[in-house]
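Asks: Here is what each chain is made of, one letter per residue.
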Amino acid sequence: MGEKFIFKSELWISCYTGYKATNLRSFIDILKKIDSSSIFYHIYINLFNYHNLPVYYPNSIAYWLYKNNYILLAEKISALDPTEFYDIEELRAKLVEILEKNYDEKIKRELIPFYFVKAEREIIECGYEASSLEEFIEGIKQSSINSVFYHLVTSKIEKRTLVNDYSTWLINIGESKKAEAINKLDIYTDTLYGIKQKIIKILEGEDD
Amino acid sequence: MIEEYIPFVGEEVIREIQILAKRLKGIKVLHVNSTKKGGGVAEILNRLVPLMNDVGIETQWEIIKGDHRFFTFTKKLHNLLHMPGKEKIESEEVVYYLKVTYENVNTINTEGYDIVFIHDPQPMGLIVKKEKGQKWIWRCHVDTSTPDPTAWRFIESFLNAYDACIFHMPEFIYENIKIPTYIMRPSIDPLHPKNMELSDEEVEGVLERFGIDPEKPIILQVSRFDRLKDPFGVLSAYKIVKRKYDCQLILAGGFAPDDPEGEQVFKELLNITAGDKDVFILNLPPDSHFEINALQRGATVIVQKSLKEGFGLVVSEGMWKAKPVVGSNVGGIKRQIVHGVTGYLVNSIEGTAVRIRQLLGNKDLRETMGYHAKERVRHRFLIIRHLREYLLLIYKILNSHSK
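So the sequence lines, in the order shown, correspond to chains A and B. In this text, residue positions in the first sequence follow my numbering: the first is 1, and each later residue adds one. In this text, residue positions in the second sequence follow my numbering: the first is 1, and each later residue adds one.
Honestly, the hints are just simulated from the structure, not real lab data. The model shown is predicted, which means the values in this text are computed figures rather than measured ones. Hints are supplied without guarantee of correctness; some may be wrong.
Over 10 Å on every C-beta distance to chain B, these chain A residues come out as not near it, computed from the model [claimed, not checked]: (1) N49; (2) V55; (3) N69; (4) Y86; (5) N102; (6) R109; (7) I137; (8) S144; (9) L162; (10) W169; (11) K198.
Partial pick of chain B residues on the chain A-facing surface, computed with a CB cut under 8 Å [unchecked claim]: (12) G10; (13) L20; (14) I183; (15) E204; (16) E208; (17) E389; (18) Y395.
Where a beta carbon is used, it is the ideal one built from N, C-alpha and C, also for glycine.
Chain A with its partners taken away, still in its complex shape:
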């Protein structure tokens, strides 16, 4: 048996950066320089905040564009799946690229302001761990959606990898099929409660 899996969770508070955009040009300029924790907030935290609602646009940038009648841009930004990134700088570059490529510089109008907010995060240990698959399943059952979100989504950014925490540990204990199935889950289109149940089902299921 390899390393123990330590269950953790992620909490955050929102802090205003002092930056506000009232047109698309200023938005792009701020986006290029804003603290990465602000991109984290608007893309990832919003994914969490709206995970259980059937919203049209899952991140606040896309929703802001939609509210300001930039429908094409809203669609393109909402199609960007943040779970496919492990590097916020790469995500920032992609966002800027989409915006700059698809908007018309000639259109100049005052927009509903966009307030750049950042997340101040704190990772806590939940107080339980797993050394076996059985303990791991029990741990997942006890986990909050914040914990699932951390291990499945945001830990990838911390560790700069495309494989989530759960799958990494499962590979280490020789459960690569379960690991692969969990890594393939579409977090972008389900609620975190639904994802948690799917993980438990994968873990409790027999491998083919």
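Let chain A serve as the given structure and place chain B on it in line with the hints.
Replies: Chain B in isolation, oriented as in the chain A frame:
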């Protein structure tokens, strides 16, 4: 005590708060505001302070004392922070504010606390008593985005000595604040008589007491009688809806004894609706929590058609009862309602009427939106989230290296 919230948010959420609270073991926290009764701040502190103590953080709550002259000035300051007006701040008012503040400095004990939360402008001057090593945080419940410059300068003279400040939403923040500025939404308490579960019999009992037919669709707005809450606009929307749907309208609220404008609005509403037996203008005492709760639970569609609004937590109270809310696209209402998902955001009387009709005509839509409305409040606007954010903020501030 905190365990009582497990049915609403789950055991795992409570456990994480307890883990966070353990990190803060041994610290002392003080909240100071201007009243223990009445108003949203007191309502939140009435629950938040016991909850903080319950999770092991020694927390006290003090109020600033002042006379009519003092509070007349702070009321004026509050209004001027909200928007520039004809009134101006006079130098003798500032002197009097400082005099009362210094009197309070001698009676409110702020010594020995690690963290001091000052709520709103009234007790702000207490910062003069800040000790080395203490962290002071200003919790502002007012929209200060477009303040009167003199009012803001007055606030700023104290604000820069604070370690951080908190606002309800970024739209409420004055642009040039130099200290760390956090965003924390207010919250409702699911155990408060306003929000606790009621039986069908209790709900029907209240409706019948007011002569309201529980079988006929009900449109409800809960707000004090104030033109800014646009009760006349709601009435106009109801009249449009009434052409197609046999429904009832309830405008439930109240006005303070020293509010002649509120009384005037109430009387006008009574006069113009006197001929319609399906309209109920209810002037309720301020502690009618059970009745308001029952009316919200008995409503088919809830409306909040304010022309201007602070945060407007009454929207979340309606949403918590699994009701779709049709609300104006202003203030904090737009941060609570997710348009087309938990209700609708509207910009006019006609728009209000259309959305009400849409909801009255479609039970499935009402139920789906109502479900999502309740879930949104469960995740975003309950006091447990508020408590967690306070604890995390305290932790972050105590572990920061500023000042």
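Asks: Taking the hints in turn, state whether each one holds.
Replies: Here's how the hints hold up against the structure:
1. N49: violated (7 Å)
2. V55: Violated, because the least Cβ-Cβ distance between V55(A) and chain B comes to about 6 Å, which does not exceed 10 Å.
3. N69: Non-interface label stands for N69(A): nearest chain B Cβ at 15 Å, farther than 10 Å.
4. Y86: Correct as stated: the minimum Cβ-Cβ distance to chain B is 25 Å, above 10 Å.
5. N102: Since the minimum Cβ distance to chain B is about 24 Å, N102(A) lies beyond 10 Å and the statement holds.
6. R109: Fine: 19 Å to the nearest Cβ keeps R109(A) off the interface.
7. I137: holds (15 Å)
8. S144: violated (4 Å)
9. L162: Given a closest Cβ separation of 27 Å, the condition holds.
10. W169: holds (20 Å)
11. K198: holds (18 Å)
12. G10: holds (7 Å)
13. L20: holds (6 Å)
14. I183: Since chain A brings a Cβ to about 4 Å from I183(B), closer than 8 Å, the hint holds.
15. E204: violated (31 Å)
16. E208: Violated - the Cβ of E208(B) stays beyond 8 Å from chain A, reaching only about 35 Å at its closest.
17. E389: For E389(B), the interface hint holds, since the closest Cβ of chain A sits about 5 Å away, which is under 8 Å.
18. Y395: The hint holds - Y395(B) has a Cβ within 8 Å of chain A, the shortest such distance being about 7 Å.
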